[in-house]
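Read top to bottom, the protein sequences are chains A and B. For the first sequence, our numbering gives the first residue as 1, with consecutive numbering after it. For the second sequence, our numbering gives the first residue as 1001, with consecutive numbering after it.
Everything labelled a hint here was simulated from the structure, so no lab data went into it. These numbers were taken from a predicted model, which means no experiment stands behind them. Watch out, some of these pointers could steer you wrong.
[What the hints assert, rightly or not] Label pairs and their calculated CB-CB ranges:
1) B:Glu1290 x A:Ala192: 21 to 29 Å
2) A:Glu134 x B:Ala1029: 45 to 53 Å
3) A:Gly268 x B:Arg1016: 34 to 42 Å
C-beta: ideal position from N, C-alpha, C; glycine also.
Protein chains: 2
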Amino acid sequence: MARRIIECVPNFSEGRRAETVAGIVDAIAAVPQVAVLGKESDIDHHRSVVTFAGTPEAVEEAAFRAVAEAAKRIDLRRHEGVHPRLGAADVVPFVPVVNSSIEECAEVAHRLGERVWSELGIPVYFYEAAARREDRRRLENVRRGGFEKISQWVLTDPEKRPDVGGPMLHPSAGGVIIGARKFLLAFNINLATADVEIAKAIAVKIRASSGGLPHVKAMGVMLASRGLAQVTMNLTDFEATPLHVVYAAVEREAAARGVTIVGSEIIGLMPAKALAMAAAHALRTENFDERQILESRLLGNLID
Amino acid sequence: MARRIIECVPNFSEGRRAETVAGIVDAIAAVPQVAVLGKESDIDHHRSVVTFAGTPEAVEEAAFRAVAEAAKRIDLRRHEGVHPRLGAADVVPFVPVVNSSIEECAEVAHRLGERVWSELGIPVYFYEAAARREDRRRLENVRRGGFEKISQWVLTDPEKRPDVGGPMLHPSAGGVIIGARKFLLAFNINLATADVEIAKAIAVKIRASSGGLPHVKAMGVMLASRGLAQVTMNLTDFEATPLHVVYAAVEREAAARGVTIVGSEIIGLMPAKALAMAAAHALRTENFDERQILESRLLGNLID
């Protein structure tokens, strides 16, 4: 039988005390059939993100234990950071990886949400593909106001109430925003110019929000250490708008401004299919099928 | 602990009776921790090839059972085919895939060889990275003469004797040629010409044997169904000579003859790293590391 694998990339409101993050990671790693693939903490934002993957059942269990551990260890009343947040475990997205779909991930999100409320007493909001209300699809909409304001709003505004549980937020752990989304690719392109305005102008031209490429978020920033301007991007659907299409668009817009590309950076993990699509384009393959990727086949076939 | 995965791609001297091949495949698939990834039979060559992968221990066990099953079911005295062959299980190469090395695969080959002789009484020759004699590195050298002639030669010529067991070959199952090699990529490039001489001339220019690209075997052939000439290639070390280097060389040689590329074909399975290298070149990534490939990380990390 084909094995299914999903990923979970939860964010926690703790980026300074290493033992707190280690406790959460240990709780995740203790679940059989789960592999922890990465963890990063940001001191300024006072947040951490953990990446793990495995069978849907195991990932759901590990996510539950992580939310419970975060609630036990983190008190939002004593938490400050420049990043908006609603909960100790703040955002918990599930992502399909192998033989899985976004619909399955939304189901995992919903089951986890019910359990987080019934066993931990922490109310839950659903976002993106798991959203139960159209106005909660976007994470920013759900989280706007943060823990302090939403704690007050839920008392009087039915529109602000959680999807599961509540209406009051948990006094120290707040609420958890659980969702399902596609794999998010972080892709940056460095330009042979120190003029950040050029990177900003290119970002405006190519990003979805201003009518550019679908599923592309982009900003122009300055890489001070290298004296280069960079177009920094998130691709929220790399199958619909592949890497090589984004690269070609930036190259074209840069050329129109008399600038060349120095190189690009892929940040963090990336599905083989995203690379395969770029390779297939470069090599002009006539027949390439992602089932030809050895590792994908092995992941989907190997015995548990 | 990191999980290791190797692949095995054995060839059997049976391509006509489906139940014989099915029996061998069943014997392989019965081993836990092994995934059968493909099987192909050729009626003219009267041979079959099976592709499977898993942990080194499991793959070694499955290879042993496959050799035993082939010996039980195939009698070389009643086998004819256009392809040279020495044994019922003819060639058994092991290939490193995840967290494994060619040296580890050579050790697996040697252990299997000892066991095939001691338990099945079939003598063994080692080739490529598992060769114990320099003149047996190349498979063609080991197999030259085939079952009928080598069965006679071993009686009188010590130089022809097996590396393990013998000197006489097994009366019906012959001998098994066991080895370790790198992943073999099959890559074809189609040209916008019906002139096969151009494909042949390009093949001569780019192949290793005539001083072209290292680790590239190439021939020019005609695709009758499409009226196109094709450069058909095997890449025996895609890390040393990557896909995009081969593509660029063929494109350059074609252009010198006034011909363009129509497209390319990747045949069968392909490691994600081979695609990642082509993608990284096309996208000019500055920092890409194969450990960023999600599926590779998962394969190496996921719990058994």
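Evaluated hints:
For Glu1290 of chain B and Ala192 of chain A, the hinted distance range of 21 to 29 Å is satisfied, since their beta carbons lie about 27 Å from each other. A hinted range of 45 to 53 Å holds for the C-beta pair Glu134 of chain A and Ala1029 of chain B, which are about 48 Å apart. Look at Gly268 of chain A against Arg1016 of chain B: about 50 Å separates their beta carbons, and that is not inside 34 to 42 Å.
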